[in-house]
Amino acid sequence: MNKHTKIAFMVAPILAVIGYIAADYYVEDQAQEDKVVQLIPLGDCDVIYQTCVLKSGDFEVNVFDKDNLTTVNSTFPLDSATLFLVDENNQATAYPLGMIQSPYYWHTETNLRGLVASAGQSYKLRLVLNIKGGSYIAEFYTHTN
Amino acid sequence: MEKKTTYWQENLRLITICLVIWFIVSFGFGLLLVEPLNEFRLGGYKLGFWFAQQGSIYVFVGLIFWYGYKMNKLDKKYQAEDES
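Chains A and B, in that order, give the protein sequences. Once you know that position 132 of the first sequence is 132 in the working numbering, the rest is easy, because the numbers rise by one and skip nothing. Just add 1000 to wherever you are in the second sequence, counting from 1, and you've got the working numbering.
For the record, the hints were derived by calculation from the structure and aren't laboratory data. Check before you lean on any hint, since a few could be wrong.
Pairs of lysine to aspartate or glutamate, EDC-like flavour, derived with a Cα cap of 20 Å [what the hints assert, rightly or not]:
id, chain 1, residue 1, chain 2, residue 2
1, A, Lys124, A, Asp87
2, A, Lys132, A, Asp79
3, A, Lys6, B, Glu1010
4, A, Lys3, B, Glu1010
5, A, Lys3, B, Glu1035
6, A, Lys35, B, Glu1035
In isolation and in its complexed conformation, chain B is listed as follows (with noise of 0.2 Å):
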């Protein structure tokens, strides 16, 4: 019971990450912060421009495939301690 706690535990520590940084691209960068990194250019784009129209989604692909890692990981980590 306690292992499955933790496991649920990690499971969510890792989605809070997933949200937070889902949370940061998106919003922080596509809109909060847009008139700031307007003043950078990213292959001729605007960087806040660039972050709300691909930047963003690109990060949320790379989120989904890290995030599917990092489980993978821990399924593995727990499997071995119940079968230790």
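The following block holds chain A by itself, in its conformation from the complex (with noise of 0.2 Å):
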């Protein structure tokens, strides 16, 4: 091995070393940018029955509304939760949700159980969730079983 290529050898553990620390400059500034992610229902949603969980990646939200209280839970820390009903002329009254005891439960009294109490009825919802500066958005409906 030559002298040049041992100063090579030498030089390099830095380069490598400043790419480290600028990529993660790099990628910081990334993440730190808005952005929206839309959420796709698993299958069948009834929030009245529990059984609404909504997607994307690794992240998971469950809806559901137990004593007029409509409750997301989700796998990761939420900075903030709004809930919006929307009737059939397509106006959306909105909940903003607040933080039960964790940022992983929210909840809101809503009339949202005596609008799907019968079998076969449905609504739809909108659900705008923020987490790290980033928004998790979703357009669903809840359909009673």
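The two chains are supplied separately, each in an independent frame; assemble them into the complex guided by the hints.
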């Protein structure tokens, strides 16, 4: 091994470390940009019978209604969550959800149970979840079985 | 003195080429062009991911030996010129 190869072997790790730091800065800047990701319902969604799961990659959200409290349970901690009930005229009513003890659980009181009380009824819902500067959104129907 | 300057200029040119290749392979293929390269696969891995994980390191090691080889040739060339 000649002297130039030896020097190159000594310089290469320094360049690698500089590259690692520069790449970290680049990726960090990208991660801070706001991103909007759409959640897709997994199979049939029935909020009343607690079988409504929305998914995007590793992120999953369970939406269910119990005692007139509509609850969102996610696999990652959320910064905020808003549920919209959308009527037949496409008019949305916003329900900002409040955190229950941990940022994995959010709920609010809604009249959703009354709107889809009978079997066969369905209702359009929208969900906006904010997490680390990005947003997860979903538009889906709850269908009571 | 002039020979030393030329030797140094050739050395710098070689270093610049190495750094450009280093940048293209690591930042270009591993970060900036990762999405289009991920359309292709190499040994079951997405190509952009492969460059970020392994490919760039293989190229770095290759560059070290190539630089050593070229510098060796440069040394011999200027030694021969000095002797003549």
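These are the hints, each one checked on the structure:
1. A/Lys124 <-> A/Asp87: Judged against 20 Å, a Cα distance of about 7 Å means the pair holds.
2. A/Lys132 <-> A/Asp79: holds, 7 Å
3. A/Lys6 <-> B/Glu1010: holds, 19 Å
4. A/Lys3 <-> B/Glu1010: holds, 17 Å
5. A/Lys3 <-> B/Glu1035: violated, 39 Å
6. A/Lys35 <-> B/Glu1035: Satisfied, since the Cα-Cα distance of roughly 16 Å is no more than 20 Å.
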